[in-house]
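Protein sequences, first through last, are from chains A and B.
Taking our numbering, I'd label the letters of the first sequence as residues 1 to 354.
Taking our numbering, I'd label the letters of the second sequence as residues 1 to 262.
Worth flagging that the hints you see were computed from the coordinates, not collected in a lab.
Just so it is clear, CB atoms sit at the ideal spot from N, CA and C, and this is done for glycine as well.
What you were told as hints is all true, and nothing was included just to trick you.
Selected chain B positions facing chain A (in silico; Cβ < 7 Å):
| no. | residue |
| --- | --- |
| 1 | Ile10 |
| 2 | Arg14 |
| 3 | Ile18 |
| 4 | Arg21 |
| 5 | Gly88 |
| 6 | Phe89 |
| 7 | Glu92 |
| 8 | Val95 |
| 9 | Ser96 |
| 10 | Pro97 |
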Amino acid sequence: MCSLSEKAEQIKENQNNILEVIQVENLKKRYKNINALDGVSFSVKRGEIFGLLGPNGAGKTTIINILCTLSQSSSGVAYVNGYNVYSQSSSARKSIGLVFQETILDNHLTAEENLYLHAMLYGVPLKEYMRRKRELLKLCELWDKRKMKVETFSGGMKRRLELARALIHWPQILFLDEPTIGLDPQTRKKIWDYIFTLRKKGNVTIFLTTQYLSEAENCDRIAILDHGVVVAIDNPENLKKMIGEDIIFFKTENNQLAEAEFHKKFPKYPIKLIGKELRVKVSNGDKFLPILVKSISPHIVSMELRRPTLEDVFLEITGRKIRENNNGIEEEIEEKFDLSSLFSFFSSSKKNNE
Amino acid sequence: MNKKIKTLYIIWYREVLIYLRNTVKFFTSIFLPILILVFFGTGLKTMFPISILGYDFVQFFFPGVLGLSISIMAISSTMSIVWDREFGFLKEILVSPISRSYIILGKILGATTTALIQGILILSIIPYLGINLNAFLFMKAMLVIFLISYGMAALGIFLASRLKKMESFSIVSQIIIAPMAFLSGAFFPLSNAPSWMIKIANYNPLSYGIDALRWVILSGSLEKSEILTITSHPLLLCITVFLVFNFLITFFSIRIFNKSIY
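Extracted from the complex, chain B is given alone in its bound form (with noise of 0.2 Å):
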């Protein structure tokens, strides 16, 4: 067991570190979810003011793009398995001792990680949005972003582990990324939208993830009707939806995986 966890360490230190050692994709993945914080939440905010909305508009807005940066983050982290096999480093990796499973597990826990660290970067600009967040939420919170970003990179590696170029994967992942995060919810209640909308998104994960999200996040700022009127599930399910998809998708990446070649 002690020499399962070492194995899953090692894939998982290699995955972090060359994350830090890209000083330019660190500092960027958390530069565009602040300035459209800043930029877009505020300028959209002037169009929804709280004398309508009932609760401020950067307070809906921020769980959303919280929740898509993660998302998008543990998605491109994944590509780490197509770099490596584009450069043939899989290889080095696919003829060591460790079995296969494992190798995906530390991938998709290093890809979760990074997703973590910018997580906790974008919650730490949260006392100036006027959010209430204490240690207690923000453990809970921390505990919904690593459900999501786990299930997104688990989701990020089930889609690259049969791609052998780069740029296949920023296509497929495009391809991916971008109606989940339409029909996430995060840019507009999905509460409100018309019923095909709503039937669609119910199979989005990710909208149970920001709905998640703003549970946590907004308890300490927002009444229970009120963050009801934005969310379109229960904590609790979204909860439990996420956990069966990150046990699915995990089960079919590490499927999907054994049967590659390098």
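Chain A with its partners taken away, still in its complex shape (with noise of 0.2 Å):
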């Protein structure tokens, strides 16, 4: 008996060890008449933030829905934590925290209230769940307010509680699915903050969506998705490597000369004068602005580095070009007359007040 119970806690340690915390292979997901994945492959590390970024539709919310084994895929396969999502869900499903792209929080309850349902769906013991709520909720900055019923709270606390109570199980991967849609800037970079601060304290790895290109720059790695199809996976560095190289424009007091020096001293950039500034394109702009300075004898009067957003990115990957050539796959499909569709009055009148 002990020593399965050993065996056990070894198996365990071993699931909280494993290095690649998501693995998803060739995983594919057909609704009625859309392919809303179609072959995706990743994998995410322990301990990294992992950004999937794409447009409305393009497959972000399915592949959350599959991982923490709300839906099911048509085919492939993914394990999150080590475990397979179809044959060992309840496994997989107490190692992640869940923050959905709604606010899903029991209104009629106190944030205390909240967060004790979800501990004991969880199960975790009593006395674990008393210390940590305090931790959280001082995290969250919601101590003071644990007591107050939730619908008395505004979007942002509503957001902060649900982080909270997605983690007070100790869960190794946290799904954010777009954590911060719908928030005032000061809100989005306190979650943000909360979101450093969790993969400071812990080695949870954090897997979340994003419409915001600004944000995506905080992740780890990046996974462009477009079409329920992965584009392009890296560090958001390297994906604007990608599109280019840096731009320096600068001023010089004598631009003839510095443009005569710079051609002598680095024959490989290219460099043009345009109006009154100096424009070279260069691979690592950073590393290259403090060797120009020390290069080039006119004094200089103004320096600016431009290096290409993920914006750049994200266009040159998602933009309309491949847009324009699926056009076929977004034509609507006229539904044939159906007589089911008279007893779906019931079920599905959902889709008349959407």
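Fit chain to chain and form the complex, with the hints in mind.
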């Protein structure tokens, strides 16, 4: 009996040491007429912040739903913390915390009760829960409001409470589906501060989806998803390098002389005089700037380094061109008249409201 | 095993907590049956005096109103599952590592508890109605109330497990509740009804439930032969039918919920 539980403990230990906490291979999901996911593969390493970036309807939420066992894929395999999401769904669910795209809290109950119910659903021991509750509510700055009903909370407070709730059972992986959507810039920044604190404190892996490119920059690695396919996956720096070089604009007291000097010293970088400024294209702008300053004799008046943003990457990869070629898919398919639609009066009237 | 009970407890706890928090619903749910008993019952009593019936009309009426109001309470409490789905909270429960069968059982027991609370409150006015109920009969009555509430709660879950909108639930539950109520024998004794009506009523679980309530609650006030005139099934049959019904409906609601989406 004892050895058995030791063994179980060991297995658990092994699971917690798996390096690739999320593994997804050739995941496909087909709804009636649409391929929501068309062969998605990627893996997420322990402890990193992994961002899934994509336009609306690219399949981000579908991936999250499959990974947190809410829906099943049509084909392909997915492992979360080493557990298969179909055959070991209960163990997989135990190792994840989840913040949904929409706010999902029990409005009739207080902040504390929401946490309590969640902790009990995940089988957190009571003592552990009390300690953890205090720690998390303080982290999310909701400790003073713990006895208030959730319906009186603002959007940002609700989001923070959801974050606390998702963390109360010590998840290995935290899924955040558009965590900052609909929030003001200050709250957004705060949420990100919590995310960074979390990563610093424990080895929580954070898997998030976002539409905000500025936020995606905060991730360690990004996968760009479009039409159910991963079109690019790398860290933000490399993604930006993919699209091209940095651009340096600078102004000197004698532009002609500077241009000639530059030509002599760095023949492989193109330089061009545009108006009163010189433009140089280089690959590592930040490292090149000090070299440039030292190697030019005329006095430099001003200098600017412009780097390609993720916005440029996103446009380049998922831009218009891709869409235009795929026009056929977006065509609406007319539904045939079907008797069963008469009976769906009860169940699917939701569509009309949305 | 301990862990499973804990899971059931936590789902049940949430249901009851929400019920008790909603004070308006709490009071209106008791208010209406008492109104019906006091005004409607007293009014009808003048039409059917004891000299004709051989028993007090309220004695006939009380178990029916009790049975109906706990049934309606149990069914409408299961609306919480549709509420949870519409506002997304069901997802939060579904991604937690507990099995769907326990979610369903917890929900059924939660709705049963709300109906039981209502049952106790309605039973507490019984001394004012001229019905004798000692502690033993009270316990027996609570057992029957539990059986009925559980069955109706499970039926409610069965209806609710596929619905996405609250409005559709109220429509569906009305469609189910109305015929069940009219054919339950709560308002008139089914024993004197036309045979086609009795045939349909025999398929109505609630008619067995209300008969069982009559057998138990009135056994301290009326002779067995008198109760026989206002019921159509013997007590043992009523209990058996309800046990089978509860078992089957639980099985089916778990099955249908396991297949449902979030």
